[in-house]
Structure formats: structure tokens, C-alpha cells
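> According to full-length UniProt numbering, the sequence shown is numbered sequentially starting from 1.
You may find that some hints are simply not true.
As the list claims (entries may be wrong) - Pairwise CB distance ranges (calculated):
1. L40 - G89: 17 to 23 Å
2. A109 - E47: 26 to 32 Å
3. E33 - E112: 25 to 31 Å
4. A106 - E31: 41 to 47 Å
5. F38 - D97: 15 to 21 Å
No lab work stands behind these hints, which were simulated from the structure alone. Computed from a predicted model, the values in this text were never measured in an experiment. Note that beta-carbon positions come from the ideal geometry of N, C-alpha and C, so glycine has one too.
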Amino acid sequence: MFIAMNRFKVVKGEEKAFEQIWSSRRTRLEEMEGFVSFHLLRGPEREDHTLYASHTMWETKASFLAWTTSQQFRDSHKDAGKNKPLYVGHPEFEGFDSVLEQINVARDAAAEAAP
Numbered sequence: 001m002f003i004a005m006n007r008f009k010v011v012k013g014e015e016k017a018f019e020q021i022w023s024s025r026r027t028r029l030e031e032m033e034g035f036v037s038f039h040l041l042r043g044p045e046r047e048d049h050t051l052y053a054s055h056t057m058w059e060t061k062a063s064f065l066a067w068t069t070s071q072q073f074r075d076s077h078k079d080a081g082k083n084k085p086l087y088v089g090h091p092e093f094e095g096f097d098s099v100l101e102q103i104n105v106a107r108d109a110a111a112e113a114a115p
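Given only the sequences and the hints, what does the whole structure look like? Please build it.
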């Protein structure tokens, strides 16, 4: 598993606009082989910004790298430069290889048993 994260420092008062951009854009992630999931996370508030992270999970790092060179990636990021006034600084990328995973099997079993 490979996890790709981008951290965004969003100017105070622009949180709703930032979230709207993400909820309304067409990412085309579901078209990519190896894509597992996407999350937009809201973090702590600071004096001048609120921290956000976009978080995608991929079956492999190679799947993620294929995304970054795909037409789908270019299409979903084509308007990203228009949103600079929402940010303090530049987004910061972090990539992680999963070395340990724990799944709540009891939770999955309970969900399957629910009507």
C-alpha cells in the first residue's frame, strides 16, 4: 500500500471555498488502476490558517506514479493555479509506503451481518 498526502495551509475564512473546490471537482481517480481511496482531512486551526491534507491510498507506489503522469491527473489539476489566494504557501507533498496494517475484523464482520 502507498499513501500520498498533500498538506494545505488554507487562509482563515476560506475553508468553505476550499472544501467546495474539492467536493465539486472531477478527479477521475476511479479510472486509475491501483486506486483504493481518497480522503480530504481538516486539521487544526492556527492563527492565520487551517491545516488540510488530501490523502489517497494506492495498491502500489507504481500505481500512484502512473496517476501523476496520466491525462486524468492533468485534467483534475488543470485549474489548481487559480486557487492560490486560498493558501498560505505551497502545498507540501508526502508519500508513504505502508509497512504495517491492522484491520478491525470484528467491525467488518458486524457490518456484513447487519440487515
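> Go ahead and decide if the range 15 to 21 Å is satisfied by the Cβ distance of F38 to D97.
holds (18 Å)
> Taking the Cβ atom of E33 and the Cβ atom of E112, is their distance within the range 25 to 31 Å?
Once the Cβ atoms are compared, 27 Å apart, the range 25 to 31 Å for E112 and E33 holds.
> How does the Cβ-Cβ distance of A106 and E31 compare with 41 to 47 Å: does it lie in that range?
Once the Cβ atoms are compared, 34 Å apart, the range 41 to 47 Å for E31 and A106 is violated.
> In this structure, is the beta-carbon distance linking A109 and E47 contained in 26 to 32 Å?
Roughly 45 Å apart at Cβ, these two residues miss the hinted range, so it is violated.
> Between L40 and G89, is the Cβ distance one that fits in 17 to 23 Å?
holds (18 Å)
Hint check: violations occur at hints 2 and 4; the rest are consistent with the structure.
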